[in-house]
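K.L.:
Below, each chain spelled out in residue letters.
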Amino acid sequence: MSVKAYLKDVAEMAAGEFKSGRLSRRDFMTICAAAGVSPLLLRGSPASAAANEVVMWNWGGDAVACHSDVFGKPFTEETGVGFAIDSSGPSEGSIKAMVESGNVTADVCDGDLFQAESLGSQGFLEPIDYSVVKKELFRNPDDAKEFGVAMVYYGYCLMYDSEKFGANPPTGWADFWDLEKFPGKRTLYKWGNGVFEAAMQADGVPMDQVYPIDMDRVLKKVREIKSETVFWGSGAEPQQLFQNAEVAMGMIYSNRALLAERDTKGRFKLIWNGGLSQAGGYIVPKGNPAGRENVMKFLASCQVPEKQVNLFKCLGQAPSNPAAVDMVPPELKRYNSTDPENYALQVHADNHWYAQNYEAALEAYLNEIAS
Amino acid sequence: MTDSVQPSPTGAAVAALRPVRSGAGRTWRSQGPYWAILSPLLIILAMFYFAPILEVLWLSFSDPELGFGNYERIVTSDAVLRVFGTTARICAATTVLAVLIGYLIAYAMMHVGPRHRTWMLAFVLIPFWISVLVRAFAWLVLLRTDGPLNDLLVSLGIVSEPLHLVRNELGVVIGMTHYMIPYAVLPILANLQGIDSRLVLAARGLGASARKSFYRVYLPLSVPGIVGAGILVFIFSLGFFVTPAILGGGKTVMVAEFVSIQIMQIAKWGMGAMIAAVLLATVVLMLVVVGRFINLKEMLGAR
Chain E
1 MSVKAYLKDV AEMAAGEFKS GRLSRRDFMT ICAAAGVSPL LLRGSPASAA
51 ANEVVMWNWG GDAVACHSDV FGKPFTEETG VGFAIDSSGP SEGSIKAMVE
101 SGNVTADVCD GDLFQAESLG SQGFLEPIDY SVVKKELFRN PDDAKEFGVA
151 MVYYGYCLMY DSEKFGANPP TGWADFWDLE KFPGKRTLYK WGNGVFEAAM
201 QADGVPMDQV YPIDMDRVLK KVREIKSETV FWGSGAEPQQ LFQNAEVAMG
251 MIYSNRALLA ERDTKGRFKL IWNGGLSQAG GYIVPKGNPA GRENVMKFLA
301 SCQVPEKQVN LFKCLGQAPS NPAAVDMVPP ELKRYNSTDP ENYALQVHAD
351 NHWYAQNYEA ALEAYLNEIA S
Chain X
372 MTDSVQPSPT GAAVAALRPV RSGAGRTWRS QGPYWAILSP LLIILAMFYF
422 APILEVLWLS FSDPELGFGN YERIVTSDAV LRVFGTTARI CAATTVLAVL
472 IGYLIAYAMM HVGPRHRTWM LAFVLIPFWI SVLVRAFAWL VLLRTDGPLN
522 DLLVSLGIVS EPLHLVRNEL GVVIGMTHYM IPYAVLPILA NLQGIDSRLV
572 LAARGLGASA RKSFYRVYLP LSVPGIVGAG ILVFIFSLGF FVTPAILGGG
622 KTVMVAEFVS IQIMQIAKWG MGAMIAAVLL ATVVLMLVVV GRFINLKEML
672 GAR
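Which chain is which? The protein sequence lines are E and X, in order.
Going by this note's numbering, 304 is the number at position 304 of the first sequence; the sequence numbering is gapless.
Going by this note's numbering, 593 is the number at position 222 of the second sequence; the sequence numbering is gapless.
For the record, the hints were derived by calculation from the structure and aren't laboratory data.
Mixed in with the good hints there might be a few duds.
Here are the simulated lysine-lysine pairs, DSBU-like style, with alpha carbons at most 30 Å apart [unchecked claim]:
id	chain 1	residue 1	chain 2	residue 2
1	E	K220	X	K639
2	E	K96	X	K668
3	E	K134	E	K265
4	E	K265	E	K181
5	E	K73	E	K221
6	E	K135	E	K181
7	E	K226	X	K668
8	E	K221	X	K639
9	E	K269	E	K286
10	X	K583	E	K286
These stretches of chain E come out as covered by chain X in the derived footprint (C-beta under 8 Å, 3 or more residues) [stated by the list, open to error]:
id	region
11	81-94
12	242-251
Here are a few chain E residues that sit away from chain X, every Cβ distance over 12 Å (derived from the structure) [said to hold, decoys possible]:
id	residue
13	K134
14	P169
15	K185
16	T187
17	M207
18	S227
19	A300
20	L315
Think of the CB as a built atom: it goes at the ideal place given N, C-alpha and C, for glycine as much as any other residue.
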C-alpha cells in the first residue's frame with residue numbers, strides 16, 4: 001500500500017468514526033488535514049456511504065452497469081437519493097464480517113433468499129418494512145421474508161451439445177449421469193445449488209420429492225461422475241466450456257444460457273427439465289448507513305415491473321413480480337426461469353432447507369469433489 | 372587420481388552451507404539511537420501486521436469455542452489431511468520441476484556470451500512481470516482439449532485422443548512450474564556466477580571426464596543455489612490460489628483456496644484461521660530447520 005493510500009485509509013476510518021458519532025467534526029477535519037486528504041475526496045469511497053446514498057453490494061461484472069442503469073439511476077431521479085455499487089461480492093462470510101466489525105458500508109446485498117433466514121435469525125440483517133415494500137407484488141408468499149425479499153430468480157439448468165446428441169437428446173439429470181449412453185465430459189456448479197437436486201433426481205427421486213436432500217446419496221452420485229466432471233465456480237466458466245465444446249453437457253445459470261446459445265450458434269441447447277429455480281434475495285445488513293427509510297424505498301422501487309423486465313434483458317435474471325413476468329418479450333420467454341411454462345418444469349428450491357443445511361452440505365460436497 | 376579433486380570442492384560447498392554468526396559484538400546501548408529512529412516503523416508493523424496475525428491466531432483457538440477443537444481436525448478430518456496432502460504433493464512436484472528447469476536455464480546462461488545472456492535474462496524476467504491470472508488463462512487456452520497443442524499432437528498422429536493437460540492436477544503443476552521458474556533461475560544463477568570456473572578446468576586437467584568433472588566438482592559447488600531456489604519455490608508455492616483455482620478444474624483444492632472457502636463460503640473462521648496458522652508455522656519451521664544448514668541471509672539476498 002502506498003503512503004497516499006494508507007493516509008486515505010486513515011481518513012476513511014476517521015470518516016466512519018465521524019459518521020457513527022464517535023468522532024467530532026473538528027477532530028475529523030484535523031485528521032483529514034494531517035493526512036493531507038480533502039474530506040470531499042472521501043465521497044464516493046465505501047466508508048462515505050452516508051445517509052444520502054444507497055450502496056448496493058453485488059458480485060461485479062455486468063451487474064455493475066445493469067444495477068446502476070436499471071435500479072440506480074431511476075431511483076436517484078425519483079428520490080434524490082444517490083446510488084453506488086460495491087462489487088466485491090457479498091458472500092455470507094463477508095456480510096458477517098462487515099456487521100460484526102461495526103463498520104457497515106453497504107445498504108443492500110445481492111444475496112440468496114435463504115440467507116434472509118440464516119443470517120436474519122443470527123441478527124445480521126434489518127427486517128423488511130412491509131408498509132413500504134409491497135407484499136402483494138411477489139409471485140410467491142414465501143418471496144417476502146421477514147429479513148429479505150426475492151427480487152430476482154436464478155435458474156440452474158442443463159445444456160447439452162446438440163451436435164453430439166442431436167438425434168437422441170438427453171431429457172434430464174438421469175441422462176446427465178449416464179456416461180455410457182451420453183459419453184463426454186460434464187460440468188457442474190462448484191457451490192452446490194442445483195447439483196444436490198440434480199443428483200437426487202438422477203438417483204431416482206421424483207422432482208417434487210427431492211427435499212430434504214439426502215447428502216449421502218448426493219455424494220455417492222457425485223463420486224460416480226466426478227472424474228469426468230469439471231466444477232465451475234463463476235458464471236463465465238460454463239459459457240467458455242460450451243463455447244470450446246470442452247464438455248458435452250453441463251449445468252449453467254439460466255441467465256447465461258441465452259449467451260451460451262448465441263456463442264455456440266445454437267449448438268448447445270437449454271433444457272429446463274429438473275433444473276433448480278431459486279430466489280435471489282435482496283437483504284439489508286444490520287445498521288446500514290443509508291438508514292432504514294431510504295433502503296426500504298429503494299427495495300420498493302425495484303418491484304416496478306418495467307425495471308424488473310429491464311434487468312432481465314440486461315442480466316437475464318428472472319423477475320419476481322408476476323406483472324413483469326408477463327411483460328417479458330415473447331422471443332425471450334424461453335430463457336426466463338420464472339415463466340410459467342419453464343417454472344413448472346423445475347424444482348422449486350426449499351429455502352428453509354438451504355437456510356438450515358447449506359453450509360454443512362456445501363462443505364461435504366466440496367470435500368467430495370476435492371478428493 | 373580423480374578422487375584427489377573431491378575434497379576441495381566439497382569442502383567449499385560445506386563452507387558455504389555453514390551458518391554464519393555476526394554482529395554479536397554490538398550492544399543495545401550503542402544501538403539505542405537507531406532503534407529510536409526505527410521505532411515508528413516498528414510501531415506501524417506491530418499495529419498493522421503483528422496484531423492482525425495474533426488476532427488470526429487467537430481466532431483459531433476461540434472460534435467457534437475456546438480450545439484446541441480446530442487443531443484436532445488436523446488429525447481427525449479427512450478433508451484437512453487431504454488438502455495438506457494435495458498441497459504438499461503439488462508443491463513438491465513444482466519445486467523439483469522448477470529447480471531442474473531453472474538449473475538448466477541458469478547453466479546455459481553461464482555458458483553463452485554476454486549478449487545472449489542478456490536476452491535469456493529478458494526471457495526469464497518478462498513472464499515474471501505478467502499477471503498470474505493472465506498466465507493461468509494462457510495455459511488454459513494452449514492446453515485445453517481442443518487447444519493448439521492438442522490439435523497439433525492429434526494432427527501429427529502422436530496421440531489419437533486429445534490429452535487432458537488442464538483442469539486437473541497436471542494442469543496446476545504446469546501452470547505453477549512456469550510461474551516459479553524465474554524464482555529458481557535467479558538464485559541459481561547468482562550461485563553459479565560465484566563458482567570459480569578454473570576448478571572445473573583443474574579437474575579436467577587432472578584427467579576427469581567432462582561428465583565426471585560436472586558431477587563431482589561443479590554440481591556440489593552449486594548445491595547452495597539449488598537448495599536456496601528449492602526453498603524459495605516451495606514456500607511461494609504453498610500459498611498459490613489463482614493458478615489451482617483456474618487450472619485445477621474445481622477439483623484441485625490447495626491450502627489457500629481451502630482457507631478462502633472456510634472464511635468466505637461456509638463461514639468457519641476458526642477453521643480457516645487454524646489452517647492459516649499451520650501454514651505460517653510450517654513456513655517458519657522450514658526456515659529454521661534449513662537455516663541450520665544454510666546461510667539464509669546470503670541465499671535470499673539480504674546481505
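K.L.:
If a hint holds in the structure, say so; if it does not, say that too.
P.N.:
The hints, checked one at a time:
no.	hint	in the structure
1	K220/E x K639/X	holds (25 Å)
2	K96/E x K668/X	violated (42 Å)
3	K134/E x K265/E	violated (41 Å)
4	K265/E x K181/E	holds (25 Å)
5	K73/E x K221/E	violated (47 Å)
6	K135/E x K181/E	violated (47 Å)
7	K226/E x K668/X	violated (46 Å)
8	K221/E x K639/X	holds (26 Å)
9	K269/E x K286/E	violated (42 Å)
10	K583/X x K286/E	violated (73 Å)
11	81-94	holds (count 4)
12	242-251	holds (count 3)
13	K134	holds (32 Å)
14	P169	holds (22 Å)
15	K185	violated (8 Å)
16	T187	violated (9 Å)
17	M207	holds (26 Å)
18	S227	violated (9 Å)
19	A300	holds (30 Å)
20	L315	holds (22 Å)
Figure legend: structure checked against the earlier numbered hints; hints not met, in rising order: 2, 3, 5, 6, 7, 9, 10, 15, 16, 18.
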